[in-house]
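Visitor: In order, the protein sequence lines correspond to chains G and F.
Position one of the first sequence corresponds to residue 11 (this note's numbering), numbered consecutively onward.
Position one of the second sequence corresponds to residue 48 (this note's numbering), numbered consecutively onward.
In case anyone wonders, no lab produced these hints; they're calculated from the structure.
Predicted, not measured: the structure shown is a model, and the values here were computed from it.
You may find that some hints are simply not true.
What the hints assert, rightly or not - Sample of chain G residues at the chain F side, in silico, Cβ under 10 Å:
id : residue
1  : 27
2  : 28
3  : 30
4  : 41
5  : 45
6  : 46
7  : 56
8  : 58
9  : 216
10 : 276
11 : 331
12 : 339
Where is the CB? At the ideal position from N, CA and C, for every residue including glycine.
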Amino acid sequence: MTATATAADSTGSTWGARRPLLLLAGLVALATVMVASVGVGAHFIGPATALHALSGSGDPNDVALVRDIRLPRGALAIGVGAALAVSGVLVQVLSRNPLGEPGVLGVTSGAGFAISVGSGLGLTVNALGELLAAVVGAVAAAALVAAVGRRSPLRMLLAGMALSSVLTGLTLGMRLISPTVFDKYRFWSIGSLAGREQAPNTMPLLVIAVAVAAALLLSRQLAAVALGEAVAHTLGVNVTRVRLVTLVLITALAGAATAIAGPILFVGLIVPHLVRRAADGSVPWLIGFAAVLGPVLLLAADTAARVLLTTGEVPVAIVTAFLGGPALIWAVRRYGVAQP
Amino acid sequence: MSATGTALVLRRGRFSALVERRTLVFTAVMLVLLLALGLTALCYGDGWTSPARVFAALSGQRGGPNVMIREWQLPRVLAAVVFGAALGTAGAVFQNVTRNPLGSPDVIGLDAGAYTGALVAITVLSGTPARLTAGSVLGGLVAAALVYLLAMRGGVSGLRLIVIGIAVNAMLTAVNSWIVLRAELEVAIAAVGWSAGSLNGLGWEQVRIPFCVIAVLLAALVTRAPALHQAALGTEVAVGTGVRTESLQVQLVVIGVGCTATVTAAAGPIVFVALAAPQIGRRLARTSGIGLLPAALTGAVLLQSADLIAQLLLSPVSLPVGVVTTAIGGCYLIWLLSKEVRSG
Numbered sequence: 011m012t013a014t015a016t017a018a019d020s021t022g023s024t025w026g027a028r029r030p031l032l033l034l035a036g037l038v039a040l041a042t043v044m045v046a047s048v049g050v051g052a053h054f055i056g057p058a059t060a061l062h063a064l065s066g067s068g069d070p071n072d073v074a075l076v077r078d079i080r081l082p083r084g085a086l087a088i089g090v091g092a093a094l095a096v097s098g099v100l101v102q103v104l105s106r107n108p109l110g111e112p113g114v115l116g117v118t119s120g121a122g123f124a125i126s127v128g129s130g131l132g133l134t135v136n137a138l139g140e141l142l143a144a145v146v147g148a149v150a151a152a153a154l155v156a157a158v159g160r161r162s163p164l165r166m167l168l169a170g171m172a173l174s175s176v177l178t179g180l181t182l183g184m185r186l187i188s189p190t191v192f193d194k195y196r197f198w199s200i201g202s203l204a205g206r207e208q209a210p211n212t213m214p215l216l217v218i219a220v221a222v223a224a225a226l227l228l229s230r231q232l233a234a235v236a237l238g239e240a241v242a243h244t245l246g247v248n249v250t251r252v253r254l255v256t257l258v259l260i261t262a263l264a265g266a267a268t269a270i271a272g273p274i275l276f277v278g279l280i281v282p283h284l285v286r287r288a289a290d291g292s293v294p295w296l297i298g299f300a301a302v303l304g305p306v307l308l309l310a311a312d313t314a315a316r317v318l319l320t321t322g323e324v325p326v327a328i329v330t331a332f333l334g335g336p337a338l339i340w341a342v343r344r345y346g347v348a349q350p
Numbered sequence: 048m049s050a051t052g053t054a055l056v057l058r059r060g061r062f063s064a065l066v067e068r069r070t071l072v073f074t075a076v077m078l079v080l081l082l083a084l085g086l087t088a089l090c091y092g093d094g095w096t097s098p099a100r101v102f103a104a105l106s107g108q109r110g111g112p113n114v115m116i117r118e119w120q121l122p123r124v125l126a127a128v129v130f131g132a133a134l135g136t137a138g139a140v141f142q143n144v145t146r147n148p149l150g151s152p153d154v155i156g157l158d159a160g161a162y163t164g165a166l167v168a169i170t171v172l173s174g175t176p177a178r179l180t181a182g183s184v185l186g187g188l189v190a191a192a193l194v195y196l197l198a199m200r201g202g203v204s205g206l207r208l209i210v211i212g213i214a215v216n217a218m219l220t221a222v223n224s225w226i227v228l229r230a231e232l233e234v235a236i237a238a239v240g241w242s243a244g245s246l247n248g249l250g251w252e253q254v255r256i257p258f259c260v261i262a263v264l265l266a267a268l269v270t271r272a273p274a275l276h277q278a279a280l281g282t283e284v285a286v287g288t289g290v291r292t293e294s295l296q297v298q299l300v301v302i303g304v305g306c307t308a309t310v311t312a313a314a315g316p317i318v319f320v321a322l323a324a325p326q327i328g329r330r331l332a333r334t335s336g337i338g339l340l341p342a343a344l345t346g347a348v349l350l351q352s353a354d355l356i357a358q359l360l361l362s363p364v365s366l367p368v369g370v371v372t373t374a375i376g377g378c379y380l381i382w383l384l385s386k387e388v389r390s391g
């Protein structure tokens, strides 16, 4: 531990100076993946053709494909990736626990429970119903956990774990009793962007954009809170208010992402670990990097998901796990687990 | 509630032990509770039998219902108690090693690995019970070994072990949900039913070997308990008092993984007991660290009451016990936490 700490000190300054360059590199990577994501699929479209199609000229099939399917889906991946990564950073900084992820607030299990109840009652027949059920479940669960655990991070983690398991148990019971619920749930629970671009997603995407901006604005105060309550008070930060606002932001981000794509929350755990080294202890940079790397990861996974199997699409959550899992193992072995 | 002045000193010749009065009371209460729950579970079989009848059956009287009690209810009740204690202890061991309340065998991929093994056994091979058991044990052990080897880098840091465990867990879970998604609906439901964990249909033949294994593992753990408590004080203190922390860590992980894998092989992955029992036990016994005994007792009570509820809730249909462990364990944690919030 001490060895890694001194290593971080000695290299700290160089990492700090590199941060703008790294952010630029991240944006370039994002643009590259976006172009690939528009081009790659069952029908290949070159970058030049894609640009023409975007402006409305060229083959009408290409225009429809780019404008109505590939581009909205790319936007969804960017939004969901940014939401998950930023909410992961917020959870980890707030709880001072490197194992925190948006799921600890009960978002996933809440949404899953609501979807199961909805399909058991026959309410989630269309995409809008499913979206609404997921939002209501996620927000209700997160609000409950946040209310119980607003004072202490440990209590928040435990409350989240507890509520998650209660809801997971109930969902499991419902699934085992009703095959209809089971079938619905197993498709939702895997997490995918396929076909989700047809759902009314403008509202969740707007929520994500506002919340990411708010997280960046809040980041300095959050960094003060992360140093401890006494330090934060000395710096003139209202600890209770910052905690509360952060919890609201986490709920909004994770809830919106889960509503759009189902549980792909693993992104929220990996990305903060991958960018921590580059951010070099600065919370604003941590949030900035996460907001770029999250979309890169999810967009790359979504593009790969389309072409990996010739027989059909692999759900994006599976590709994410296999892209992000090894990356996380590598980062942890290389740099260790630093406290956020 | 002051902690000082409530400790009792037990002496016998050269040996002495300092026991908190609260711990003694807690142990006694938990044991009584466990006996009461066990007796209730013995009384409930095809219908209700009187406790007098149960005692007669246990003392060896012949006759139809007595055989039922001895051959069907008794192994199930003992399984609930022993498996619960084993899971609770395994959770306490992992939370001590990793020094994190999120550390538990299911978090580091053991359950997911066992599930993968079982899924392969059910879907690819023809899922006979023996193959299912072999598949789940093999899957769980391979996952645990993989996580441990990946986390090793000049000794194992607890946090690194958990994060790598979560990564492996996520990949295995992805594989599992992929298999469930592609399987026929009936096969998928059967697989998920197994994954919930259930004590249904356990007889003497199924529990004899797990009981022996768990007894050996727990005995091995008891001899290492003093070193474990030293290690919980911090690596520096532990090394200073003569504990070889690295070899201790390996032994503890092997014991924890062994307990969980044995239970999983017999009853499927019963989640949440290992995660919650140490935390609930710590709050009930008001110990400062995570004790092994409170965790074991709490685990046994938790699993026994969960199994009773699972049988009664929708009777005559018997739910998988895992459904109930998650639900009641979680409710209890929430209640404890809300109590703490109220008291400030």
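Visitor: Close enough to count: is the Cβ of residue 30(G) nearer than 10 Å to one in chain F?
Guide: 28 Å, violated
Visitor: Once the shortest beta carbon distance from residue 216(G) to chain F is found, is it less than 10 Å?
Guide: 29 Å, violated
Visitor: Was the hint right that residue 276(G) lines chain F, CB cutoff 10 Å?
Guide: 5 Å, holds
Visitor: A closest beta-carbon separation below 10 Å is what the hint needs, so does residue 58(G) meet it against chain F?
Guide: 36 Å, violated
Visitor: Using Cβ atoms only, decide whether residue 339(G) comes closer than 10 Å to chain F, and label the hint accordingly.
Guide: 5 Å, holds
Visitor: Is the hint on residue 27(G) kept, meaning its closest Cβ partner in chain F is under 10 Å away?
Guide: 28 Å, violated
Visitor: Hint check: is the beta carbon of residue 56(G) less than 10 Å from a beta carbon of chain F?
Guide: 32 Å, violated
Visitor: Let's test the interface hint: is any C-beta of chain F closer than 10 Å to that of residue 45(G)?
Guide: 27 Å, violated
Visitor: For the hint on residue 46(G), just tell me whether its beta-carbon gets within less than 10 Å of chain F.
Guide: This interface hint is violated because 22 Å lies over the 10 Å limit.
Visitor: May I ask you to test the interface hint for residue 41(G) with respect to chain F, counting a Cβ-Cβ separation under 10 Å as satisfied?
Guide: 28 Å, violated
Visitor: Can residue 331(G) be said to touch chain F, with a Cβ gap under 10 Å?
Guide: 4 Å, holds
Visitor: Does residue 28(G) pass the interface check with chain F, least Cβ-Cβ distance below 10 Å?
Guide: Hint violated; residue 28(G) Cβ to chain F Cβ min 25 Å, cut 10 Å.
Checked against the numbered hints above, the structure breaks hints 1, 2, 3, 4, 5, 6, 7, 8 and 9 and satisfies the rest.
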